[in-house]
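Chains as they are written, first to last, in my numbering: chain E, 1 to 395; chain Y, 396 to 967.
A few of these clues could be false.
[What the hints assert, rightly or not] Away from chain E, derived, C-beta distances all over 10 Å, residues of chain Y:
1. Lys402
2. Glu582
3. Ser589
4. Leu608
5. Met806
6. Leu851
[To be verified] The calculated DSS-like cross-link candidates involving lysine-lysine, where the alpha carbons are at most 25 Å apart (straight line), are:
7. Y:Lys597 / E:Lys146
8. E:Lys15 / Y:Lys516
9. Y:Lys594 / E:Lys142
10. E:Lys143 / Y:Lys597
11. Y:Lys783 / Y:Lys865
12. E:Lys142 / Y:Lys597
If you're looking for bench data, these hints aren't it; they were derived computationally from the structure. Even for Gly, the Cβ is constructed at its ideal location relative to N, Cα and C.
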Amino acid sequence: MAKVEIQHLTKIFGKRTKAALQLVHEQVPKTDILKKTGATVGVYDVNLSIEAGEIFVIMGLSGSGKSTLIRLLNRLIEPTSGSVLIDDQDVSKLNKEDLLEVRRKKMSMVFQSFGLFPQRTILENTEYGLEIQGVKPEIRRKKAEKALENANLLAFKDQYPSQLSGGMQQRVGLARALANDPEILLMDEAFSALDPLIRRDMQDELLDLQTKFQKTIIFISHDLNEALRIGDRIAIMKDGQIQQVGTGEEILTHPANDYVRAFIEDVDRSKVLTAENIMIPPIYTNIEVDGPNVALKKMRTEEVSGLVAVDRGRNFRGFVTSEDALRARKEGLPLSEVATQMPTVPKDMLVADIMPLIYDAPTPLAVVEQGRLLGVIIRGRVLEALAESAETEEK
Amino acid sequence: MGELVGKLPVAQWVEDIVDWLTTNLSGMFNFIQTVGNKLMDGMTAGLTAIPAWMFIIGLTVLALIFSSKKLGFVFFTFIGLLFIWNQNLWADLMSTLTLVLVSSIISIVIGVPLGIWMSKKEYVARVVQPILDFMQTMPGFVYLIPAVAFFGIGVVPGVFASVIFALPPTVRMTNLGIRQVPNDLVEAADSFGSTPKQKLFKLELPLATSTILAGINQTIMLALSMVVIASMIGAPGLGRGVLSAVQNADVGKGFVNGLALVVLAIIIDRFTQKLNVSPEDKVQNGSKPWRKWAALGIFFVMIGTGFANSFVASGAKAKTLDLVYVQWDSEVASSNVLAVAMRQHGYKVNLTPLDNSIMWQSVANGQADASVSAWLPTTHSAQYNKYKDQIDLLGPNLKGATTGLVVPKYMKVNSIADLTTEANKNITGIEPGAGEMKAATKALTAYGLKSQGWQLTPASSGAMTVALGKAIKAHQDIIVTGWQPHWMFQKYDLKYLKDPKHVFGEAETINTFTRKDLKQDKPKVYKVLKNFKWTKADMEKVMLDVSNGKSVESAAKDWISKHPKQVDAWFK
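Please take these sequences and the hints and turn them into a complete structure.
Here's what the structure looks like:
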C-alpha cells in the first residue's frame, strides 16, 4: 500500500470551473481555456502513488502546476475534485479539526523562501509546530534543540532569521519541519533560492537525513540536475498534467513524449558543443614572475601535476610539469627554460573534432584565442559531454 | 435636475433620524453620558490630583528611560511641561489628556478588532472602506451636532466626535498590516496546523504591530486635533483657550494654548513611537527588564499620589451650578462676575463656553442649569421660539441693550435705508449662529439691499472687532453687526445706523433663563439667578478692563469688591 495515493486530482482557479473542466476534457490548451472562461487550470487529473520512505521529485517549468500540486496535498489550496489518500485516509474530505491533526502530525512543509517568522528567534521558529499542538515548553524546547543540533545550528538558537545566511535559514526551515517528527516532508523548491554551492551541500545533507530518518519526501524542483541527484523517482509536469513518472534513468533513456525529450535537452551534443562549452578555468603560472618553488607550491595546493605557463599579458607560453619544475629547482633555471609545448585548440572547435586530439595528448588542451589563454580541456569533460549525447541517441 | 424632482429633503430626513434616535434611545444615551462623565471627571480629577512637579519629573524620567540616547527629547519634555505649568494651563492640559486618552482607547478597542475582521472577510472590507472614507473626509464640525443631541454638552460628546473622527487610521492600518503579512509565512503557519486564532496571535498581529502602532499614532494625533473643535460643545481643556482666543481675536492667548497642544502632541507622538521596536533592535539593545520595572514604579507612585491627594481634596459637595455662556465679550463678563460672586458665597460653579444655539439647546435639554445670556426679544428670538416651552425664563438681568449695524462716526451714512455702495457692499458679521446675524440677514432683505448685491460675511466677535480697529486705523469704510454693552463703544467713535423698519428691534434686555426643573432641584441657586441684576455701565467697566489686558477673573473680582452691596443683594 502506497503512503500517498493521488487520484484524479484537479484544481481550477477562477469562477467558471465547470466550463473549464469540460474544455480540459477536450484537450484544449491552457491558454485557450483562460481566454474562453477566465479560469486557470492549475492541476489536471493527476494520478500518482508515492511509497513510504522514497524521495519523490516533481519537476516542471514555472507555471506547470507543481507548486499547486504540493499545496493540494496538505490542502493549503482546496482541490476542485479528486482525492488525496494518506495511509488510506482521504485528506480532501476531512473536516477542519481532522485536517489540522493531519497537518500537525503527518506532514510538514519547507518553503522556497524559507517562510521563517521574522519576529521569532531560531529556537522559537523551530518549536512553532510543537507549540501550536500545545506541547509543554520544556519538552518542545528539547525537541527543537535536538533538531537544530542535527542541522549544526544550535549555537544560533537565540538569533533572529534576518541575522542568518540563506543556507542557514533554510536549514532552520528544515529543522522546523523535522522537529514535528512528521511522516511526510513536503519541500517546495526548497533549495532554489540558494546559491549553487550551498545548494549542493543542502542536497547532500538532505540525502544524509534521509538515510537516518527514512521519511517520505515529496520534493518540488525545476532543476533536472537536482532531481537526478536526490530523486528516487521523478514526475515531470506540464500545464498541470503529469507527462511521465519514473526513475532518473528511465526518464533519461526513454522519454515518454517530445516535451520530456525537450526537457532533458535532447540534442546531439557533439554536434553543437564547442571547446568553449566544455573548457574549465586554467590553473596557470606566470613564468616571467614565478620561480620553480612557487610553481611547485601551486601544484600542491591545487592538487595537480602540471601548470599552464603564461607571461604577464596572459599570453599562452606552454606547459610546466612537476618534473620540469623540480629539474629547474635543482639546476637553478628559470621556469621559461623548462616549459614544454602543449596542444592548443581555438574556442569554436567542435567537441567531435577535439576527441582525436585529446586522445593522443599527454597534457590537457589549451583553448587559445590570438595567443591568449582562455581555458583548458581535460579528458573527463569530453567523455562526460559525449556520454550525455550517447545516452539520448540510442532511442 | 431641480425641475425634475424638486429639492430632496435630505436635511429633513437626517433630522428625523437623529430625532428618532434621540427620543427612542434616550435611556442608553443618558446612561452613557452619566457613566462617561463620571469616569472622565474622575480621571481628570485623578490626573490633576497628581502634583504638577511630580508629573513633570515622572514623565521626564520616563523619557530618559525610553530614549536614553536622545537627550533632546528628554529636555523637550521637561521644558515643555514646565512651560505649560508656568502658563497656568495645567488643569486644562489634564482635561485634554483625559479626552485624548479616552478617545484613543475607545478608538483602539473598536478599531483593532474591526481592522482584523476587515482583513479576514472581503465583504466586511467592501462595506467598511467607504464608511471610513466618509468618516475621514466629513468635516469634524458636522459630528458635533448629533453628538450634542445624543450626549448633551461636555466631555462625552467630545469623545464621541473624536472617536468618529480618529477611528479610521487605526482600522485602516490594522487591516493593511494583517493583509501585508507575506503569503509564504501564512502558508507556513497553516501548514503546521495553526488554528485561525493561533495564526492571528502568533504570526499576524506580531508582524502587523508596527503598522498598527503607526495607525494608532495617527489616531491619537487626530483625537488631539478634535479637542479644539470639541471645545465648541463644552469639552474642557486646552481647546477652550484656543477657541476663545479665536472668537476674541486674542493672538497671544491663542498662541500659548496652541503651543501647549503642540508640546502635548509631540510628547505623545514620541512616546508612542518608542513603543514600536523591531525584534532586531531588541537583540542589539538587549531587553532590559529594569526599564519596565522602573517605568511601572514611576507610574504607580504617580497614580498613588493622585489617589491620596484626591482623597484628601474630596470634601463635601457644595451647592453647584452648571452655567453656560457664549464667548462674546459681554457674556464672558456677566457669566464670570456671577460665577466669581457665587464661588465667594460657597457655591460650586462650572462655566462652559458654547456656541449660541448649542447653549440654548443644552439648557432646554436640561444638560446645563442656566444661562444669563439671552438677548430678547429680537436677537435670540429664533432660539427662544424654538425652546420656549422647555425653559424657564426668569427675566432680565440687564436692561437697555441695543443691537444694530454699527459704523465709525466719520462715515457719512446715517441710516440703513441710505446704504448704497459703502464698504464694498459688505457687512462684517460675527458667529453665524448668533441671533444678531439672523436680524442682519432679515435687514438686508427688508431694505432691499440683498438684491443690490450686499453681503453679510460671518466671522467671530473677536475677528469683527479686529477688522473694525484695522479699518478705523486706515480710515476706511466698514459696517459691522454691533451691540451694546460692548467695550468698542468706549474705545472708538462709533454710531448705530438708524433702523426705520425696526428690524433689529428696540432696545433689548439680556435675560436669565434656566432649565425647567431647576427651581425644585436647586432652589437656592435658582434664587440667586433670579436676583442677579446689573447695569450696562457695570458691564462695560468689566469689559473694558478685560480688553485692556486684565484677566476675566481679576476684572470680575475688582468689580465685585467695588460693588459689595449690589452683589450681596443677589444672595438675599
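Against the structure, the hints:
no.: 1; hint: Lys402; verdict: holds (44 Å)
no.: 2; hint: Glu582; verdict: violated (5 Å)
no.: 3; hint: Ser589; verdict: violated (5 Å)
no.: 4; hint: Leu608; verdict: holds (14 Å)
no.: 5; hint: Met806; verdict: holds (73 Å)
no.: 6; hint: Leu851; verdict: holds (60 Å)
no.: 7; hint: Y:Lys597 / E:Lys146; verdict: holds (23 Å)
no.: 8; hint: E:Lys15 / Y:Lys516; verdict: holds (19 Å)
no.: 9; hint: Y:Lys594 / E:Lys142; verdict: holds (23 Å)
no.: 10; hint: E:Lys143 / Y:Lys597; verdict: holds (20 Å)
no.: 11; hint: Y:Lys783 / Y:Lys865; verdict: violated (39 Å)
no.: 12; hint: E:Lys142 / Y:Lys597; verdict: holds (21 Å)
Hint compliance for this structure: hints 2, 3, 11 are broken, all remaining hints hold.
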